[in-house]
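As you go down the protein sequences, you meet chains Y and R in turn.
In terms of the numbering used here, the first sequence opens at residue 1 and continues consecutively.
In terms of the numbering used here, the second sequence opens at residue 1 and continues consecutively.
Since the hints were made in silico from the structure, they are not lab data.
Predicted, not measured: the structure shown is a model, and the values here were computed from it.
No residue lacks a Cβ here, since even glycine has one placed at the ideal position from N, Cα and C.
Mixed in with the good hints, there may be bad ones.
Below 30 Å or equal to it, Euclidean Cα-Cα: the simulated DSSO-like pairs (lysine-lysine) are [as the list claims (entries may be wrong)]:
1. Y:Lys130 <-> R:Lys146
2. Y:Lys316 <-> R:Lys40
3. R:Lys238 <-> Y:Lys130
4. Y:Lys316 <-> R:Lys39
5. Y:Lys130 <-> R:Lys235
6. Y:Lys130 <-> R:Lys225
7. R:Lys175 <-> Y:Lys316
8. Y:Lys316 <-> R:Lys282
9. Y:Lys134 <-> R:Lys323
10. R:Lys39 <-> Y:Lys134
11. Y:Lys316 <-> R:Lys323
12. Y:Lys42 <-> R:Lys39
13. R:Lys323 <-> Y:Lys313
14. Y:Lys42 <-> R:Lys102
15. Y:Lys130 <-> R:Lys55
16. R:Lys236 <-> Y:Lys316
17. Y:Lys42 <-> R:Lys238
Distance windows between CB atoms, simulated [what the hints assert, rightly or not]:
18. R:Arg190 <-> Y:Ser51: 18 to 28 Å
19. Y:Phe402 <-> R:Ser33: 34 to 44 Å
20. R:Arg190 <-> Y:Ile460: 48 to 58 Å
21. R:Ser174 <-> Y:Phe529: 55 to 65 Å
22. Y:Leu122 <-> R:Arg190: 50 to 60 Å
23. Y:Ile139 <-> R:Gly136: 52 to 62 Å
24. Y:Ser51 <-> R:Lys315: 38 to 48 Å
Given next are the chains, with one letter for each unit.
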Amino acid sequence: MLKKLNFWYLSSLLVPLLVAIPIITIFFSFFETTSDYLTLLKDTFLLQYISNSIFILIGVLFLTLIFGVTSAYFVSFYNFPGVNFFKWALILSFAVPGYIYAYSLTAFFENYGTAFSILTSLFGEGEYNKHIPKFDGLIGSIFSISFSLFGYVYVLTRASFIYQSHNLIEVGKNLGFSTNRSFFKIILPSARPAIVAGLSLAAMETLSDFGTVSFFSISTLTTAIYNAWISFDDLSTANQLSFLLLFFILILFIIENYSRKRAKYHQPSRGFKSIPKIELKGKKSILPFSFCSLLFFCSFVFPVAQMGYWTIKFPKYFQDIDLWLLNFNTLLLVFLSSVCLIVFSFLSNYGNRISKSKLLNYLSAFSISGYAIPGIILAVAFITFISWLSDTFSSTFGFESFKPLFIGSIAGLVLAYFVRFFSLSFNGIKTGYLKINQSIDDSAYLLGYSKLKTFTSIHIPYLKNSIFLVGVLIAIEIIKELPITLILRPFNFETFATKAYSYAAQDLLEAAAFPSLCLVIWASLFILFVSRYILSDK
Amino acid sequence: MKKLFLSILASLFISTSTMAAEVNIFSARHYDSDTQLYKKFTALTGIKVNVVSGKDKALQKRIKEEGKDCKGDLYITADAGRLGSFQAAGMFQRGASSKGIKKAVSSNFRTAYWTGIAKRARVIYYNPSRTTPLAGMTYEDLANPKYKGKVVIRQSNNVYNQSLVASLIQNNGSKATAEWAKGLVSNFARPAKGNDRAQILAVAAGEADWAVANTYYIALMLSGKKGPEQQAAAKKVKPFFPNQDGRGTHMNISGGGILKYAPNKTNAVKLLEFLVTPDAQKHIVNNTFEYPIIDSVEPNKLIAQFGLGFKQDLKTKVSSYGKKQAEALKIMTKAGWN
């Protein structure tokens, strides 16, 4: 018994430590001497960078909350024309990364862009540039990031709505609550852990976003980190700023944990009957229908149409792309990383659950901030750490250098993705775990089940939907991932994301359209493939 | 089965396929045409070319950390300042100025550690239907209060701007350049944003009278590779080559250097020598619209139409950019250049 406990404990201890590598690396370079970039920054732009970061964060949180919760509410509780379509169509927004959304916004609204072409072909030559609104800068960033991230809030909130016990709604009815009152008094509060989880994922991605804001030339904390590092070779200032960023994230986590504790609703083990939906016909269905249509159009149809339009308009860019190889590379990374992440997230979650150790809890909360460190900084920290470790082993024990095994190899990429996305995977499975009442475990032990058997025969089947959901989230993140892949990849190795980036870097967004479109299609296929499981009403 | 599994497992940990004759490149230039050029090199010499491309400093960091284990032979990038600072970090070895390269490339555009493979000019753009630049207009003039609200340029974190400002520091000193930067920022028509092409478009659309951008962007637009609307917009603007009465127009380079631990140094030198042959130069200028690094080749006609006789700044060595870039960014940041 004790031995088994040790195994679970140890594995849940080791994984967070591994994932904490970038933070540890950052911590150790924290006290190194700095150039005077930090002083300069303090005197000039630091406040502005921080306020930009906060402004974007608030904007994105506000929009994703409205988009995510409203749409989840409509599709979960009402029947209106197209509801079964919107139910899964809204998740397709996951398939469009912020930077590709930004390409599309710019392409459409820029001087002499697509909007200009459309107006010219409709009404003839004219001075349209002045009248076309420019979605760039802060507003452009907020829209691009929000449309690409509201899916987190939507999926998690909807899942929570669906799994809400029928009884809760019944209780509301028996108390004579109106629909509105039931929503605000019963449904929304019990969905709060899911909403907060979705928002905190969106918030972390927003704070660590580099691609979108740098495309719109908005300076944020992340840009400051990048500048400190790229222009001043001042990694320690970069790290100190990263600490500031991590501080924001830590606050988010405290909020998340606090709200989870306050809303400690274990789902009852019975009563998973689906909620009867309210039929909406005629005028009453206009609001939910137009809200969902507009959201679907803006988040998915618009960027895909822009990319598709370019792909057709510039067909010659097809020929330079080795489609088969790009597909293979992308899927290989997705497969290896998802398997590793899911297996270890399960181990950690289960270890946390059965050991009930506070240390483990803190450690896993700490380690998941790997997700909050901008990918590009994480990649550097990873390289620095591997290099330090290898050099130390070589000089102390006379080992052969193992740098080539992890820098510029597939294994290195998978390991770095692991560090980056462990939070996503760990939290996804944790959300599922929270729904399994502790009493189920206890009953299993009473029946003589071992811990392992409880894990394999009860938890895993019970959490099947969570696994699929997490698998898809990881797959999509990896398909979209750019900075880590760019730095750590082997020679002659391209994914759709790196290919799109390299065209965008030579100022040929037109050529970037096709790889971007493939990226979006793959991500969409993944979503559709498992949408049955994500959206299963049972 | 077990063997298959083991060989798959092993392949995950192997970073490159090792061939008898190969050369490994870390490149911050992303042109597809470069890849085609490398294929020509392989066809000619039998030497396989392996490439990792990426963001500049990120690649540099990887090379530094890999140290002796770094398989890279060449580091190629599109800014002299970056080559210079990487050289200062001790990451290159001598050998880039081989006899063949010395013969082809003027000494202004190479050092013992790296050599230019193409040139680019950073110029001023204007819309002839709205303004005409005075003969002899300079970069320095852009800070003149009479241009208030009329100038667009990209952000200060852009390396082309850093090299331009570095050259101003080299020529006019830090103090004068700091004054200039303040004046320039107060002339901005909008906060710095977008890439070089977006600056040219802003002039075409009448948002500003003067834009600073590299020459090859307008050729890219004129070529039709970006569609008829961009082509039409590009026809509305003209490049102007500044500082013709003084030191000449600011020139920068794309270039490559041989990495310190290059395992295939001979092949790396061969590739650099190949890149400055007339055939390779023709390929480069016709695809990227840069200026050739050798005299015997003419730029693409979309660039040549703007004149070939302009005075290039050959007084300011491109190798000085790297030394002044950090100071340049400091000056720009202090001036409020976002």
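Hints and how they fare:
no.	hint	verdict
1	Y:Lys130 <-> R:Lys146	holds (24 Å)
2	Y:Lys316 <-> R:Lys40	holds (21 Å)
3	R:Lys238 <-> Y:Lys130	holds (21 Å)
4	Y:Lys316 <-> R:Lys39	holds (20 Å)
5	Y:Lys130 <-> R:Lys235	holds (19 Å)
6	Y:Lys130 <-> R:Lys225	holds (25 Å)
7	R:Lys175 <-> Y:Lys316	violated (50 Å)
8	Y:Lys316 <-> R:Lys282	holds (21 Å)
9	Y:Lys134 <-> R:Lys323	violated (38 Å)
10	R:Lys39 <-> Y:Lys134	violated (42 Å)
11	Y:Lys316 <-> R:Lys323	violated (42 Å)
12	Y:Lys42 <-> R:Lys39	violated (49 Å)
13	R:Lys323 <-> Y:Lys313	violated (44 Å)
14	Y:Lys42 <-> R:Lys102	violated (46 Å)
15	Y:Lys130 <-> R:Lys55	violated (34 Å)
16	R:Lys236 <-> Y:Lys316	holds (26 Å)
17	Y:Lys42 <-> R:Lys238	violated (40 Å)
18	R:Arg190 <-> Y:Ser51: 18 to 28 Å	holds (19 Å)
19	Y:Phe402 <-> R:Ser33: 34 to 44 Å	holds (37 Å)
20	R:Arg190 <-> Y:Ile460: 48 to 58 Å	holds (56 Å)
21	R:Ser174 <-> Y:Phe529: 55 to 65 Å	holds (60 Å)
22	Y:Leu122 <-> R:Arg190: 50 to 60 Å	violated (28 Å)
23	Y:Ile139 <-> R:Gly136: 52 to 62 Å	violated (41 Å)
24	Y:Ser51 <-> R:Lys315: 38 to 48 Å	holds (43 Å)
Of the numbered hints given earlier, the model fails hints 7, 9, 10, 11, 12, 13, 14, 15, 17, 22, 23; all others are met.
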